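K.L.:
For reference, the chains in residue letters:
Number of protein chains: 2
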Amino acid sequence: MRKFHQNREAIYPFDEWKIVETKFEPRFNHRSESIFSLGNGYMGMRGTLEEGIPGDVQSTPGIYINGIYETEPIIYGEFMACQPQEYQSMINITDWRSLRVSVENEEFSLFQGTVRDYARTLDLKQGVLTRKLIWTSPQGRQLRIVFERFISQSNQHLALMRCAVTPLNFSGTITIRSSVNGDVNNFHHLRDKALQVLSTTCTNEGGAVISETKNSGFTIGCGVTHRTYPKVPIMGSATTTSLEFIAKFQGKPDQTLFFHKFIAVSTSRETHPQKLQSFVLDLAEERAEQGWEKNKQAHINVLAKYWEDTDIQIEGDPALQQGFRFNALQLLQSTGRDGKTNIAAKGLTGEYYEGHYFWDTETYIIPFFLYSQPELVRKLLEYRYSILDPARQNARRMRNKGALFAWRTINGHEASGNFLGSTVQYHINAAVAYAIHKYVEATDDFDFLAEKGAEILFETARCWADRGVFLESRGGRYCINEVCGPDEYKPGVNNNCYTNYMAQFNLYLALKAGHILKERFPEQYKLLVDKLDLNEEEFKQWEKCADLMYLPFDPELGIFPQDDSFLDKDPIDIDSIPYEDIPLVANWHPLVIWRYQVIKQADVILLLFLLGDQFTLEEKKANFDFYEPRTTHDSSLSPAIYSIIASEVGYYDYAYNYFMQTARLDLDDYNKNVWQGIHTACMAGSWMCVVNGFAGVRTYGGKLWFKPYLPDKWSRYSFKIKFRGCQVKVVVEKETTSYTLLVGDTLEIMHNEQPVTLTQGHTQTRGNHE
Amino acid sequence: MRKFHQNREAIYPFDEWKIVETKFEPRFNHRSESIFSLGNGYMGMRGTLEEGIPGDVQSTPGIYINGIYETEPIIYGEFMACQPQEYQSMINITDWRSLRVSVENEEFSLFQGTVRDYARTLDLKQGVLTRKLIWTSPQGRQLRIVFERFISQSNQHLALMRCAVTPLNFSGTITIRSSVNGDVNNFHHLRDKALQVLSTTCTNEGGAVISETKNSGFTIGCGVTHRTYPKVPIMGSATTTSLEFIAKFQGKPDQTLFFHKFIAVSTSRETHPQKLQSFVLDLAEERAEQGWEKNKQAHINVLAKYWEDTDIQIEGDPALQQGFRFNALQLLQSTGRDGKTNIAAKGLTGEYYEGHYFWDTETYIIPFFLYSQPELVRKLLEYRYSILDPARQNARRMRNKGALFAWRTINGHEASGNFLGSTVQYHINAAVAYAIHKYVEATDDFDFLAEKGAEILFETARCWADRGVFLESRGGRYCINEVCGPDEYKPGVNNNCYTNYMAQFNLYLALKAGHILKERFPEQYKLLVDKLDLNEEEFKQWEKCADLMYLPFDPELGIFPQDDSFLDKDPIDIDSIPYEDIPLVANWHPLVIWRYQVIKQADVILLLFLLGDQFTLEEKKANFDFYEPRTTHDSSLSPAIYSIIASEVGYYDYAYNYFMQTARLDLDDYNKNVWQGIHTACMAGSWMCVVNGFAGVRTYGGKLWFKPYLPDKWSRYSFKIKFRGCQVKVVVEKETTSYTLLVGDTLEIMHNEQPVTLTQGHTQTRGNHE
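Protein chains in written order, with this note's numbering: chain A, 10 to 779; chain B, 10 to 779.
For the record, the hints were derived by calculation from the structure and aren't laboratory data.
Predicted, not measured: the structure shown is a model, and the values here were computed from it.
Each residue gets a CB set at the ideal place from its N, CA and C atoms; glycine is no exception.
Keep in mind that the hints are not guaranteed to be accurate.
Stated by the list, open to error - Derived contacts from chain A toward chain B, CB cut-off under 7 Å, selection only: (1) G86; (2) A90; (3) C91; (4) V206; (5) L207; (6) T210; (7) V433; (8) V478; (9) L576; (10) D577; (11) N596; (12) W603.
Kindly generate the complete structure, drawing on both the sequences and the hints.
P.N.:
Have a look at this one:
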């Protein structure tokens, strides 16, 4: 294993359900903004301070809406044919975050006066961010201030903020200013200003800002209203781009004053542009009438159900318990639930990767959600269906038949300015197909298959059957040239092993879907076959491609060569690479990286996990032994997969160490880049390390398989799995594992390759070493 | 052979020494501007009209100085590490071309009134461009106008223009306006305006414009002066960016009035910026005093000597005769002669490829000049020496030792925004080494080797010895991964056959140079070895790399596989590719091109020419048979090389057809892109087709080898070759070839593998079939 930096010291104290910052340090502000992000899959907001921050402190005060982007022309270093012409960048929207507190002539700031009893807390269970402190102003006035905010899990358009101020040693005027600012920019990537304010409107308590993007045609509405306790007059005013609301309280010692802000946001994607203003104003007002507590409770209720199904309880390791829960909350906060949006690489917590959706969703995040929130997974797959037409166009661009999903996109069109880091990765097609398979397997949702899934499977299969070639020099096998597998350090190779296996899987899956539809949904089958102009000959061709797929194997080494040329690359001892050169992608010229037998991330090893029933344990071990010393894990998507296979082959130290690199990557800021936003795929990987890794969960042959063990440092862990209408609770201890069927009549599972039949309400316990 | 378009109809009438345009057609103006370019290797000028042209006619009115460029930041589609950060673009300098003729209130233009007896003539022998016509103004005044211009071959800073006007049917005022305009732009690639005028100055007859580039730090001076016959007053005036000079003549029928313009141009590269103004003013004035004829004669004398040594006389094919001479003139016009500049891909005739120098110089153009202008070749190689330091930096960028020449550059630094079309082509190092070898072989100029050549050879060898790896999987052979050979449709391959052979050649050549220096220039050897910190161990390592170089051969096919993966690419019938998709590089996504067994340009076939004595005739034939049907010749560098090998293996039809595609590529505008500028490498290739192809010239073992034949359509051809202080005239006829030693005492040559000893002044004749 490449030596990785000692586990960094924890930034935040271990707490199973909380992330607590006990001191505000400006130099960490940028990082904290990502950690303290909130979101509900529709809207996300970085952990910026309500009162603002001086210009010399690093900050990206971003608020984002999933899938709302601006386009800009891509400029290339040199012309190349058939390249994507437009970037898509998720935009920073109207800034509704500001709440400023003044006492007499002094304005509250962490940068003047003195602060004590400071605590900023992200409550993981409740999804609420609070900041409490006692401030002594330069002139000696002391007051307690509590900020609290959440983005509602029960209504995607809604966010609530409040501020509670308690004078401690004085009486006097407390002024609270709330503003909404439409004059916003992106802080990364976009060259031009994206948003133009169309109109502002305000009454005394509330108002709205309506903006539109210059190129991409979105209109965005942001409405606010306010309430005070005790009730005092609020004075609203508007400029051409902003709103401000001022409330003046007469403060007395130990009397707490409340200022509540209700924010509603929508876009022309969901609401007619002409109705946006009234929609957001009405919603804000309606929710303000309901009051803070009712809205908060509705929000918490959604989260309670989420945790009920999704939580992993780890006993004996509060660091990992905290890490996992932080990840699970951030994943929910990042995930689009409407079938039109998806999960950006950095969720809704930053502008890096421009809010783009990748194969990360299907390969890392769907596996996380699938066994607890299957209905969410359906929505994520519906998104893929919604971009099938652009995927068809993308295939045409590459002179291919069928559909080729864009490597990074929001609207379905390829948005990458470097095809060797994007389009070359044809395997994204198989990732989508694989996820459809896993979804239908786990849910029996054949309606989805008939309505949407099969069409995706057919079009991706079609692409595979067109993209390769039967080569005499390979005994007539079907070869796929010039692709890149998951290992982005080897783009433009022939017969990437992962790709060929997954393409074969995709082809067989399409054929299987064809049979299912023909049998169970004959009318839909006919319609679809007509729509796609499919015929028996083409199905046969798919079968031939799959049957004859070239599947590389090196008998001498007993391993699956990553591609045709990998074994001929320059050997290199990756431990000899200076630490400051890692990640190589940021420091070495691509050609330098490509010439070496060096791997960025799990490639063959990922295959051994995804299609695990096609490989023996010995093969898994041999390949792990071969590839592990060649892998730098320069992608955060890598360690989780190595951890899973390490668990499977019994390399428990590797498994645990790789899990550690995954579970607290963002929380401990391993890569010093969390300020850019969280790493959603890696976060999902931490769930996989436990469930697929330590507990050995697989779904071979339509059944749940378990092969659990307990890492030495833990006393036990437990989790739940929904599968085919059932829900199992699994508790793993040192010697035994208990299975309880919470939902469903009976379910047959496999424990250590032995069948176990579960019945509702009963617990079955098996030895881990049986 | 891929069917290529029927030889296009000739655009200009066949004439052995002239290119004549008999009708001005606005729609062809852009193309004609390139064809009627003038230059002297230092300065070049497109064939723009003296009087200007309406805005709706396509035009690139460019004047360029070799090696004078502006830099600009490269913008990439996506970040990649260690990429070049700056473009270099040859700039369009101060426009000194304008001469406008008015008669009373009517200004001459080809776009009003009527024109007859029009002829624009590029005299290839004299390098003079004239335009004659009789113009009848809208009001009925008739006059003869003759424009004439040349860029002096005898003084690089000098250009002369004149205008002769003869009223034919009227008396009246003839006004001639000459201007110099410093407010100029590039028409391609540069995003910003490069040149800023620093000062203008003028007297009545003359003046100067001094400008500087914004980023790259060049100052450019342009001075003019004028003379009239009969002498009339000239009135000069200046704005902040331009000069204008007006002469008024009293014209009478059949009396010719002359207006002469003397232009001097220099830059801060040769002249101190403070002295630029006086330098260009003085030079223009001095030459004006000498008068038109004296300057013209000096210019013509240089060209006469050039033609004396360089011309190929082809009897029986005026089209090819004309094509060859057009090419030979344009090549001289394009070629820097000062050791600091080189030959841009489009010479000084256009802005495409940004005035960059490529391997074209060493591989295509040096072979052309070497046997007639060896002193010029030394200058071209001195340029390479002058950029050895940037080449060292370029190697560091790629984490390599030694030096790696930039693929496209002016100042020595890589200026490409796409490394897969540039840096990946390590073979440029070998091209430079090979040219040094050929130069020393042809001249015995060992001083050059000792002073400059050896250092280049050592540093390039060093790079090769660092770039590869001894691979056990290849029997311990030395393999070179992730490169691109000359075929740019296969970048990032392992063991490109051409590259490995040429790297081996480079390594052995460096060792040989080491031996020569050690023996003949021991002091310089010691200094150089110290400077480069070389030792015996390193020399031994070079030898080991060369001895063990992996040289691919496929015994089954009997061919040299272009690289490790070429034979496994998707087969394709290139004749099935629609014509409008050619060139593929402009129409297909790179990944689409790369997956196929399709070749852009001679690769293995070029190797068979360059290192011809390492391969048997059977091997050449087998490889031609294999690669020819896979080659689209999407690069103009390709057909000439196929023509040469076709000649060698006796495929005379192929040889002739490929020659045709080469010799008149620009003159007949085969690729419809000559408006962008000429194709210098292809032009040089046309010489190679005749000399290396039809006459079979090689220099094996330090001797000149001939194996001549006469293409069917020709009655004879002749050319001269300078070699090791001798000069041979070669006349090839149907049955025999005659060799006459013009210079030198004796020279042993090989005719059809038989030695022939030539003595001065005597002619030896041999049968072509002996």
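K.L.:
Holds or violated: is there a CB of chain B closer than 7 Å to the CB of D577(A)?
P.N.:
6 Å, holds
K.L.:
Classify the hint on A90(A) as holds or violated, based on whether any CB of chain B lies nearer than 7 Å to its CB.
P.N.:
5 Å, holds
K.L.:
Regarding the hint that W603(A) lies at the interface with chain B, is the smallest CB-CB distance below 7 Å?
P.N.:
5 Å, holds
K.L.:
Return the status of the interface hint for T210(A): holds when the least beta-carbon distance to chain B is below 7 Å, violated otherwise.
P.N.:
40 Å, violated
K.L.:
Against chain B, run the beta carbon of V478(A) and see if the smallest gap drops under 7 Å.
P.N.:
Check passed: Cβ of V478(A) comes within 4 Å of chain B, closer than 7 Å.
K.L.:
Is the interface hint satisfied for V433(A)? The criterion is a beta-carbon contact with chain B at less than 7 Å.
P.N.:
6 Å, holds
K.L.:
If you take the shortest Cβ to Cβ gap from C91(A) to chain B, is it below 7 Å?
P.N.:
4 Å, holds
K.L.:
Does N596(A) hold up as a contact with chain B if the rule is Cβ-Cβ below 7 Å?
P.N.:
6 Å, holds
K.L.:
At a threshold of 7 Å, is the proposed contact between V206(A) and chain B supported by beta-carbon distances?
P.N.:
29 Å, violated
K.L.:
Does the closest beta carbon of chain B sit nearer than 7 Å to the beta carbon of L207(A)?
P.N.:
31 Å, violated
K.L.:
Can L576(A) be said to touch chain B, with a Cβ gap under 7 Å?
P.N.:
Interface hint status for L576(A): holds (6 Å vs cutoff 7 Å).
K.L.:
Interface hint check: G86(A), Cβ to nearest Cβ on chain B, cutoff 7 Å. Holds or violated?
P.N.:
2 Å, holds
When the structure is compared with the earlier hints, violations turn up for hints 4, 5, 6 and for no others.
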